[in-house]
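Put chain B on the given structure of chain A with help from the hints.
Sequence order for the protein chains is A and B. Here the first sequence is numbered in my numbering, starting from 1 and rising by one per residue. Here the second sequence is numbered in my numbering, starting from 1001 and rising by one per residue.
Bear in mind the hints are in silico, worked out from the structure with no lab data behind them. We treat Cβ as the ideally placed atom computed from N, Cα and C, and that holds for glycine. Keep in mind that the hints are not guaranteed to be accurate.
[Unchecked claim] So the derived label-pair ranges between C-beta atoms look like this:
1) B/1149 / A/207: 25 to 33 Å
2) A/277 / B/1299: 27 to 35 Å
3) A/100 / B/1264: 44 to 52 Å
4) B/1080 / A/207: 43 to 51 Å
5) A/47 / B/1099: 53 to 61 Å
6) A/112 / B/1267: 50 to 58 Å
7) B/1267 / A/132: 20 to 28 Å
8) B/1149 / A/261: 32 to 40 Å
9) B/1149 / A/123: 28 to 36 Å
10) B/1259 / A/40: 56 to 64 Å
11) B/1331 / A/328: 55 to 63 Å
[Stated by the list, open to error] What the simulated footprint calls covered on chain B by chain A, stretch by stretch (three residues with Cβ under 8 Å from a Cβ of chain A suffice, anywhere in the stretch; the number is not a length):
12) 1132–1139
13) 1193–1201
14) 1218–1230
15) 1267–1277
2 protein chains.
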Amino acid sequence: MIETPYLLFLGDAPDGLAAKVAQGIKDWRPENCVGQFRLEGCKADLGLQDMTLAEAKAAGAKTLVIGVANRGGKISQTWKKVLVEALEEGFDLASGLHNLLRNEEDLAAVAKATGRTLHDVRIPSVQYPIANGEKRTGKRLLAVGTDCSVGKMYTALAMDACMREKGMKSTFRATGQTGILITGDGVPLDAVIADFMAGSIEYLTPDNDPDHWDIIEGQGSLFHVSYSGVTLALVHGGQPDALVLCHEPTRTHMRGLPGYKLPTLEAVRDTALALAKVGNPDCKVVGVSINTQHMGDEEAKAYCAEVEESLGLPCVDPYRHGADRLVEALAAV
Amino acid sequence: MIETPYLLFLGDAPDGLAAKVAQGIKDWRPENCVGQFRLEGCKADLGLQDMTLAEAKAAGAKTLVIGVANRGGKISQTWKKVLVEALEEGFDLASGLHNLLRNEEDLAAVAKATGRTLHDVRIPSVQYPIANGEKRTGKRLLAVGTDCSVGKMYTALAMDACMREKGMKSTFRATGQTGILITGDGVPLDAVIADFMAGSIEYLTPDNDPDHWDIIEGQGSLFHVSYSGVTLALVHGGQPDALVLCHEPTRTHMRGLPGYKLPTLEAVRDTALALAKVGNPDCKVVGVSINTQHMGDEEAKAYCAEVEESLGLPCVDPYRHGADRLVEALAAV
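Here chain A stands alone, though its shape is the one from the complex (with noise of 0.2 Å):
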């Protein structure tokens, strides 16, 4: 569990784009975010007041989270300086790079004479327990994608958001490391060992209220070969009662894999529904969110008319045209 509330570390971003897990941050968790904190020559900007560590610190911020990737996979002595200032602020650091902060030994030094704590959200912080099987309650709901990278995060982060604002009992539970660092909690599902993914899960969403949801967060496909494995370990250890299939229409083919054209969403409808059952007899699929970026506003709307005549089901991008229909969909399970 990371302490909120953070400042975000945009450091000498070159562009937004490289910013994109602050962004993330600031779009989600808007009340999590106390200001920026950029170095000279960043082209990033969040919109959020600039502050030194000092002003962030006396603003009540918690945490000092790297919302930029680095550049050469290096952390530079530059960001060096800030962090081990931060430290020393009181500061906690939490980061999502694929170099560690705690592999880095002036960090951990200095993290260890302060007593502060260094979140690397790519390794699990739990030992996770062997998925039981057994029935939880309270309700759930897995986005699974028709491939990796398709607006599975953004469905469930848009679902979550809509949910809370209608008023109804709903928990974004993040499976991956932008995800964990927009709510400060989560699993690292890619980076658990093998036996433990669907316990992992089984841990993230645990008993609760009977009208509480957790929204949880998919990942990669079950026709993805490469980490297949992953997606049916969400499947099964989150015991899901809804599913929503996540599309993005305009690939020609699987995410790094050019030899692998996508599946039809029917095809990952009835593969998806057929597994989670398993796991949950009374699961159903309530809806299909269509990631729309690379088209224009009628071709948006026309395809996911046609996808919602075809399926049956409620069919919408929820960036375009807002998550409700998604959510009312739930709210009839």
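Here is chain B on its own, set in the frame of chain A:
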């Protein structure tokens, strides 16, 4: 890669079952076994020659393999004495125990001083790649089960042995601790990090002669909610040309999951085949292997005949009836 041949350490096994790893090595790779080493009070006997360390060394043994489960989850001082002496005599050590050899300070220090290797086969020794899904040359069979521990390893080992007897090109590919100790090589799949599971199986079953078969040991079940993700990584990383279904008919619920019924063989066939076709559209189900250990001879025969009739696939218990009919079906692929 563990150096062969072995001296099999049976320790103070209270009965034959406690030494089942050693029994498996002796049954399936007798040519790898120089002899057995027993402590006073050992109740297991593989029928191999009892040897001192020096005798086994003189007979060519390279590795002392711990072929017995330890009691109380500790490596006892009685064992330690033998293990340390073995290192001093020039043996490597290999173990599938939960407590790792490398975590025992004395063993680690002596191994370092003597330049010997400690093989803890529960832990991957390789940095596996992410799966790339590229088509590989050669052929692959995967054993898939209705449940865990229904005879997938046995089926794969029996088919591999039968194929080699018939002069076919075949390699058993181990994916669990016992299989790795039997063959000296393999992937401890349940201990691999989630993102690299499918890649580890690609690594295990690389390009080969067009008429060569990798006979891949299965793990878990697509219908076992605790481990299904591991199974799917085998289905997609293994890129199988052929599947053999494995089942134990007297089981009343999924292993370790009292609330879960076993799937039908038809359900496993359809689910596994549909998923396997994502990675290899030509994949076929070639036969069924039944573990009839809890059935009488007549009952076993009748059960297999019934399954053969209803599924239209050759069905045998390879332990009772031999693996020939499964291998013939494979040869026809």
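Broken hints, numbered, in rising order?
none
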